[in-house]
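Using the sequences and the hints, build the whole thing.
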Amino acid sequence: MNGKANSTIAIECLRYDPQADETPRYQTYEIPFTDEMSVLEGLQYIKDHLDGSLTFRWSCRMAICGSCGGMVNGVPRLSCETFLRDYYPEGLRLEPLTHFPIQRDLAVDQTDFLVKLRSIKPYIIPEAPKPVSEGTFLQTPQQLDEYYQYSQCINCLLCYAACPQYGLDREFTGPGALALLHRYNADSRDAGKAERMGLVNADEGVWGCTLVSYCSEVCPKGVDPARAVNQNKVESTKDYFMRFVAPRRNR
Amino acid sequence: MKTYMRTMNGWWRRNPFYLWYTLREWSAFFLTAYALVLLFGLARLAQGEAQYEAWRASLATPAAVVFHVAAMLIVLYHAWTWFKVMHKTLPFVRIAGHRVPDGAIFAAGIVSSLVLSLLLLWGLA
Chain A
136 MNGKANSTIA
146 IECLRYDPQA
156 DETPRYQTYE
166 IPFTDEMSVL
176 EGLQYIKDHL
186 DGSLTFRWSC
196 RMAICGSCGG
206 MVNGVPRLSC
216 ETFLRDYYPE
226 GLRLEPLTHF
236 PIQRDLAVDQ
246 TDFLVKLRSI
256 KPYIIPEAPK
266 PVSEGTFLQT
276 PQQLDEYYQY
286 SQCINCLLCY
296 AACPQYGLDR
306 EFTGPGALAL
316 LHRYNADSRD
326 AGKAERMGLV
336 NADEGVWGCT
346 LVSYCSEVCP
356 KGVDPARAVN
366 QNKVESTKDY
376 FMRFVAPRRN
386 R
Chain B
232 MKTYMRTMNG
242 WWRRNPFYLW
252 YTLREWSAFF
262 LTAYALVLLF
272 GLARLAQGEA
282 QYEAWRASLA
292 TPAAVVFHVA
302 AMLIVLYHAW
312 TWFKVMHKTL
322 PFVRIAGHRV
332 PDGAIFAAGI
342 VSSLVLSLLL
352 LWGLA
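Just so you know, the sequences run in chain order A and B. Quick note on my numbering: the first sequence kicks off at 136 and runs consecutively. Quick note on my numbering: the second sequence kicks off at 232 and runs consecutively.
Simulated from the structure, these hints should not be mistaken for lab results. All of these numbers come straight from a predicted model, not from anything done at the bench. Please note that a few of the clues may not be correct.
What the hints assert, rightly or not - Below, simulated DSS-like cross-link-like pairs (lysine-lysine); rule was C-alpha separation at most 27 angstroms, straight line:
#1 A:LYS368 x B:LYS233
#2 A:LYS182 x A:LYS256
#3 B:LYS319 x A:LYS256
#4 A:LYS256 x A:LYS356
#5 B:LYS319 x A:LYS356
#6 A:LYS328 x B:LYS233
#7 A:LYS373 x A:LYS256
#8 B:LYS315 x A:LYS356
#9 B:LYS319 x A:LYS373
#10 A:LYS256 x A:LYS368
#11 A:LYS265 x A:LYS328
#12 A:LYS182 x B:LYS315
#13 A:LYS368 x B:LYS319
#14 B:LYS233 x A:LYS373
Structure follows, in structure tokens:
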């Protein structure tokens with residue numbers, strides 16, 4: 136503590152009650168604040184002491200569950216690893232992740248992402264089934280390095296809130312799901328690439344990306360989704376021209 | 232379930248990052264305009280010396296100078312952003328098993344374009 140011990144900070148929250156409100160409104164809460172308080176702890180203080188009706192999602196409090204994403208002063212952030220001290224004394228404005236429909240207060244409807252996540256087949260599809268008796272799949276450090284950073288995704292959706300192309304056209308598969316698609320395609324144990332190329336090549340696939348690359352700026356896990364998407368523009372181009380030289384495998 | 236969807240109105244003004252991105256996209260128009268001026272000059276050169284000299288005189292007007300200074304600054308920004316994102320468009324580059332850092336790819340792009348530009352200027356001089 137550094138002399139701010141008895142001070143307070145103002146948190147302005149977007150409020151939306153689907154049963155009562157036609158449009159969202161804003162409500163400001165004045166909460167006691169200490170240097171080590173996260174934005175999430177600020178929200179929990181409001182919920183416990185000031186207004187039990189405030190709705191927001193959270194779980195792990197340590198940037199691994201991906202539940203507490205929101206807009207802090209218009210920037211997509213995980214509220215558990217964002218600290219109130221960085222907004223003192225001006226205060227801060229909290230809004231639900233942009234580009235998603237608001238269900239209530241700070242909670243958004245994630246259905247669109249979950250459907251897309253399932254569509255990219257986010258699991259290893261081996262060339263042939265391998266019984267446990269035959270041992271594990273072996274991988275060199277370099278083969279691991281090809282996909283490791285993309286496997287760090289926690290599905291927090293900050294990248295979708297950062298992506299104006301997703302906001303303008305919600306058909307776009309989007310940074311997170313495409314990065315996870317690449318995570319499996321780039322895995323040496325996986326042979327499902329041909330099944331996933333249709334999604335990469337589609338109008339709503341990688342070509343919907345214009346390399347704004349703000350997704351990679353806001354990613355809390357260093358995934359760099361813009362890189363995964365744009366590496367796949369090369370893959371998509373190769374896939375397109377290869378049809379003239381080699382017959383395609385069955386999808 | 233009833234939900235509320237916010238609009239995208241003025242999205243490019245919401246964040247400085249988007250503003251720089253919008254400028255990057257618009258910079259392509261200045262690049263095209265500059266290329267068209269140059270192409271027009273080439274066509275005038277094919278028509279003869281008098282036409283070519285007339286084209287050169289038209290470039291000496293204040294409006295043309297202002298356009299070219301603005302276009303150069305914007306094209307320099309365009310080139311900067313181009314190299315800044317270049318590593319994202321490449322598969323991982325490895326030398327002796329080690330991944331080449333993103334910063335090195337950016338620096339290699341900037342340095343090689345500077346060297347090539349200087350060689351070109353030296354060749355013209």
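How the hints compare with the structure:
1. Of the supplied pair hints, the one linking LYS368 of chain A and LYS233 of chain B is violated, its CA atoms being roughly 37 angstroms apart against a limit of 27 angstroms.
2. Of the pairs offered as hints, the one joining LYS182 of chain A and LYS256 of chain A is violated, with about 38 angstroms between alpha carbons and a cut-off of 27 angstroms exceeded.
3. Between the alpha carbons of LYS319 of chain B and LYS256 of chain A the distance comes to roughly 24 angstroms, so the proposed pair stays at or under 27 angstroms and holds.
4. For the suggested pair LYS256 of chain A and LYS356 of chain A, the alpha carbons sit about 22 angstroms apart, so the restraint of at most 27 angstroms is met.
5. Using a Cα cut-off of 27 angstroms, the hinted pair LYS319 of chain B and LYS356 of chain A holds, with the two alpha carbons roughly 17 angstroms apart.
6. The suggested pairing of LYS328 of chain A with LYS233 of chain B is violated, with an alpha-carbon distance near 38 angstroms, which exceeds 27 angstroms.
7. Restraint check for LYS373 of chain A and LYS256 of chain A: the C-alpha separation of about 21 angstroms stays at or below 27 angstroms, so the hint holds.
8. With a C-alpha separation of about 20 angstroms, the suggested pair LYS315 of chain B and LYS356 of chain A falls inside the 27 angstroms cut-off, and the hint holds.
9. Under the criterion of a C-alpha separation no larger than 27 angstroms, the hint pairing LYS319 of chain B with LYS373 of chain A is consistent with the structure, at around 17 angstroms.
10. Straight-line distance between C-alpha atoms of LYS256 of chain A and LYS368 of chain A comes to about 19 angstroms, which keeps the hinted pair within the 27 angstroms bound.
11. At most 27 angstroms may separate the alpha-carbon atoms for a hinted pair to count; LYS265 of chain A and LYS328 of chain A meet this at roughly 18 angstroms.
12. For the hint pairing LYS182 of chain A with LYS315 of chain B, the CA-to-CA distance comes to about 43 angstroms; that exceeds 27 angstroms, so the pair is violated.
13. Proximity of LYS368 of chain A to LYS319 of chain B is assessed by CA-CA distance (about 11 angstroms); at most 27 angstroms being required, the pair is judged to hold.
14. A hinted pair counts as satisfied when its Cα atoms are at most 27 angstroms apart, and LYS233 of chain B with LYS373 of chain A does not qualify at roughly 43 angstroms.
Violated hints, listed in ascending order, are 1, 2, 6, 12, 14; each of the other numbered hints is respected by the structure.
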